[in-house]
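> In case you want the letters, here they are:
2 protein chains.
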Amino acid sequence: MVDIATRVWNHKWKIDPIVRSLIDTDFYKLLMCQSVFRNRPDTHVTFSLINRSDNVPLARLIDEGELREQLDHIRSLSLTRGESTWLRGNTFYGKRQMFRPDFMGWFEGLRLPPYHLERVGDQYELTFEGAWPEVMLWEIPALAVLMELRGRAVLNRMGRFELQVLYARAMTKLWEKVERLRTESGIRIADFGTRRRHSFLWQDWCVQAMLEGLGSSFVGTSNCLIAKNRDLEAIGTNAHELPMVYAALAQDDAELARAPYDVLADWQDEHSGNLRIILPDTYGTEGFLARAPDWLAGWTGIRIDSGDPVAGAETAIRWWQERGEDPKTKLVIFSDGLDEDRILQLYRQFAGRVRVSFGWGTLLTNDFRGLVDGDRLAPFSLVCKAIAADGRPTVKLSDNPNKAMGPVDEIARYKQVFGVGAQTAIDIEV
Amino acid sequence: MVDIATRVWNHKWKIDPIVRSLIDTDFYKLLMCQSVFRNRPDTHVTFSLINRSDNVPLARLIDEGELREQLDHIRSLSLTRGESTWLRGNTFYGKRQMFRPDFMGWFEGLRLPPYHLERVGDQYELTFEGAWPEVMLWEIPALAVLMELRGRAVLNRMGRFELQVLYARAMTKLWEKVERLRTESGIRIADFGTRRRHSFLWQDWCVQAMLEGLGSSFVGTSNCLIAKNRDLEAIGTNAHELPMVYAALAQDDAELARAPYDVLADWQDEHSGNLRIILPDTYGTEGFLARAPDWLAGWTGIRIDSGDPVAGAETAIRWWQERGEDPKTKLVIFSDGLDEDRILQLYRQFAGRVRVSFGWGTLLTNDFRGLVDGDRLAPFSLVCKAIAADGRPTVKLSDNPNKAMGPVDEIARYKQVFGVGAQTAIDIEV
Numbered sequence: 001m002v003d004i005a006t007r008v009w010n011h012k013w014k015i016d017p018i019v020r021s022l023i024d025t026d027f028y029k030l031l032m033c034q035s036v037f038r039n040r041p042d043t044h045v046t047f048s049l050i051n052r053s054d055n056v057p058l059a060r061l062i063d064e065g066e067l068r069e070q071l072d073h074i075r076s077l078s079l080t081r082g083e084s085t086w087l088r089g090n091t092f093y094g095k096r097q098m099f100r101p102d103f104m105g106w107f108e109g110l111r112l113p114p115y116h117l118e119r120v121g122d123q124y125e126l127t128f129e130g131a132w133p134e135v136m137l138w139e140i141p142a143l144a145v146l147m148e149l150r151g152r153a154v155l156n157r158m159g160r161f162e163l164q165v166l167y168a169r170a171m172t173k174l175w176e177k178v179e180r181l182r183t184e185s186g187i188r189i190a191d192f193g194t195r196r197r198h199s200f201l202w203q204d205w206c207v208q209a210m211l212e213g214l215g216s217s218f219v220g221t222s223n224c225l226i227a228k229n230r231d232l233e234a235i236g237t238n239a240h241e242l243p244m245v246y247a248a249l250a251q252d253d254a255e256l257a258r259a260p261y262d263v264l265a266d267w268q269d270e271h272s273g274n275l276r277i278i279l280p281d282t283y284g285t286e287g288f289l290a291r292a293p294d295w296l297a298g299w300t301g302i303r304i305d306s307g308d309p310v311a312g313a314e315t316a317i318r319w320w321q322e323r324g325e326d327p328k329t330k331l332v333i334f335s336d337g338l339d340e341d342r343i344l345q346l347y348r349q350f351a352g353r354v355r356v357s358f359g360w361g362t363l364l365t366n367d368f369r370g371l372v373d374g375d376r377l378a379p380f381s382l383v384c385k386a387i388a389a390d391g392r393p394t395v396k397l398s399d400n401p402n403k404a405m406g407p408v409d410e411i412a413r414y415k416q417v418f419g420v421g422a423q424t425a426i427d428i429e430v
Numbered sequence: 001m002v003d004i005a006t007r008v009w010n011h012k013w014k015i016d017p018i019v020r021s022l023i024d025t026d027f028y029k030l031l032m033c034q035s036v037f038r039n040r041p042d043t044h045v046t047f048s049l050i051n052r053s054d055n056v057p058l059a060r061l062i063d064e065g066e067l068r069e070q071l072d073h074i075r076s077l078s079l080t081r082g083e084s085t086w087l088r089g090n091t092f093y094g095k096r097q098m099f100r101p102d103f104m105g106w107f108e109g110l111r112l113p114p115y116h117l118e119r120v121g122d123q124y125e126l127t128f129e130g131a132w133p134e135v136m137l138w139e140i141p142a143l144a145v146l147m148e149l150r151g152r153a154v155l156n157r158m159g160r161f162e163l164q165v166l167y168a169r170a171m172t173k174l175w176e177k178v179e180r181l182r183t184e185s186g187i188r189i190a191d192f193g194t195r196r197r198h199s200f201l202w203q204d205w206c207v208q209a210m211l212e213g214l215g216s217s218f219v220g221t222s223n224c225l226i227a228k229n230r231d232l233e234a235i236g237t238n239a240h241e242l243p244m245v246y247a248a249l250a251q252d253d254a255e256l257a258r259a260p261y262d263v264l265a266d267w268q269d270e271h272s273g274n275l276r277i278i279l280p281d282t283y284g285t286e287g288f289l290a291r292a293p294d295w296l297a298g299w300t301g302i303r304i305d306s307g308d309p310v311a312g313a314e315t316a317i318r319w320w321q322e323r324g325e326d327p328k329t330k331l332v333i334f335s336d337g338l339d340e341d342r343i344l345q346l347y348r349q350f351a352g353r354v355r356v357s358f359g360w361g362t363l364l365t366n367d368f369r370g371l372v373d374g375d376r377l378a379p380f381s382l383v384c385k386a387i388a389a390d391g392r393p394t395v396k397l398s399d400n401p402n403k404a405m406g407p408v409d410e411i412a413r414y415k416q417v418f419g420v421g422a423q424t425a426i427d428i429e430v
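Protein sequence lines correspond, in order, to chains A and B. Mind the numbering: the first sequence is residues 1 to 430 in our numbering, read in order. Mind the numbering: the second sequence is residues 1 to 430 in our numbering, read in order.
The shape of chain A in the complex, shown without the other chains:
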């Protein structure tokens, strides 16, 4: 029987909204937002879309009107009562009331601030400006909208069964990865694929397939909406955004050198246990760890998000040993450019020496490589970053010079302050 009401309801949508909820975002964004809301609420920031893949001419692929409709729709969203209840009442990382009442009150009243959109050649210039806690929440939905609209531009020209076969192929591809990953029963993997997912529905499918296929090896998803809908753990801690903005706000080189640790001192005030994860690579992992205060060695683990992951983990292990910590009790989370081969290789190399976990992103939720002619659905490297704070440019170095960003003279200054020497360049695929 056709459900007439559903059909009529579906036809009432003027657009097919890509992001339909303010919690269709990464959990760490909300944790960081609360931290920023407490510690630096008045910072004025600019976020900007950066397409690292010049070969993907976004402005030729995506209609500006459609893009505006999607972004406008996101600005119409506010937290629903159920979403708010879930955030207020749920246990995250074993902790009740992770989100404080003052933050929740603010979040419940929030609508996302305006955006600025302009076509420049074959790319879009998309920026967001305003108070840090508000602007930062644009990052994930903006990326998701651009990735999905680019996909839709390709899908729109396909037949019904051709489409079904496309998804059949993508499902098969993911399932083959799952089948390989479950040969290692001790493995622990979370979905980190919201920002560059093929689409919301596809991410939701991937999460459920991981759940069935990997069982307890699948530890949760970074996506709050999917975590809520599917009754899963919401996963995530913090990102480069915090040290980048803290660093930009530094008044002199001494304050700059201290900024990455100030961030973590603020974090330690708020969080314990598995939320105490160091992200050491913003201005070079080696120097960051060498100069780190001892209390950081007591943290639960480290996240390796750029550079050679083996080298990064070995550096962390050596550092813990030097500081008198037992690496076996420490957590190493790999989250950079993972696919199943890399996951298995890293797991086999480090299991037993440290506790190993994986945040699997783009190649979990957007591996459409090789599935259409000209590879027009392959994921590409799109980011949305804080580029300025209170009028000063931000800088990121990372352990891979291809991921560095910021004005040239500022990069040079940061390299000097943080003692970053020669680095090995690694191609960025996704």
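When chains are identical, the list treats them as one kind, so a pair holds in a single copy or across two.
DMTMM-like cross-link-like pairs, simulated, lysine to aspartate or glutamate; straight-line CA separation at most 20 Å:
#1 12 <-> 66
#2 173 <-> 162
#3 173 <-> 373
#4 328 <-> 294
#5 173 <-> 212
Hint data in this document are derived by calculation from the structure and do not stem from the laboratory. Nothing here was measured: the structure is a model prediction, and the numbers come from that model.
Model the placement of chain B on the given structure of chain A, informed by the hints.
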């Protein structure tokens, strides 16, 4: 929104019936049934299930109770008004009122006769006895039920996403065949896959995928219900059953030698054009054509259903030339053990020399080879044949001794009467 009524309705089914319509059968069965109803309505026949694949222990895989429920459900079916209207009112092969009012009147009152089911070792003995026009209609649904129940036995132990990936893989597999086949725009292919399909829903999917993927190269389906639901051409002419029963009824060797031509004389009275297709291999193609009356050379085409298809087509071409016919105007239909490689190879070899068409069966609607461990979903060679008529055994020789059937002494007698010498054995896969 959940459609509550649909959900409640679905839960009311005591079983999930595999065959839900008397026209969920091959079109040629109905054409032959009408012919039998006119010419030999009182013949008493026995049909029997024959599993040529000893390695598939049907009685261990399929619960006898479930099998009985499915067969009983088929006995509860009768022609619906819409089905009857479609058969009476539709144009088949360009002809209106293909099915005569007297036949339709009989068919509208029909319920399938009882079956006899017994477990013998790891196999089922399943036979049907009674008036030929009634019993013959058991063949296709009985085969479809057994194939699908065997599949369900495997599927029942699979998870939800594992199942979805299984079908994703099967869809991908079929689509890759479609993509290869559509490189030849002149190709003509029909679905002949009802009897050994994976399931009804899967056959329905395959037909729709062929329609989208092949466009006008897909000429229709042998399945009447799918043809009706999807507004496609119903395809099919006649089968071995007719000459086998006519031959069994022959009183002496002279009548036996004439029987295959008597069948076609009756057929010629009823049908013209593309329905005049010779199936020459029941008792050996070479001898059949050599002794054929000249009027048969005037028929539209020939169907090659056993033996080496290249040799069969070359034999037909030579025969038409000897009888003064132009092979370019003749239709050759290949229908034995086809897959896309074989189809493309035969098409490239014979296109231009004759009109070429394909009846693609098991490897269209049931190619689950390699998709589960132990290949427990691979198709196998199950048939349901007339084994006796008015108390006399039937015999089939075909152009492949592996497809021969009947009592040994009768096979010897038939070989002598029809002058069949040495034959090349070809493995039967499906």
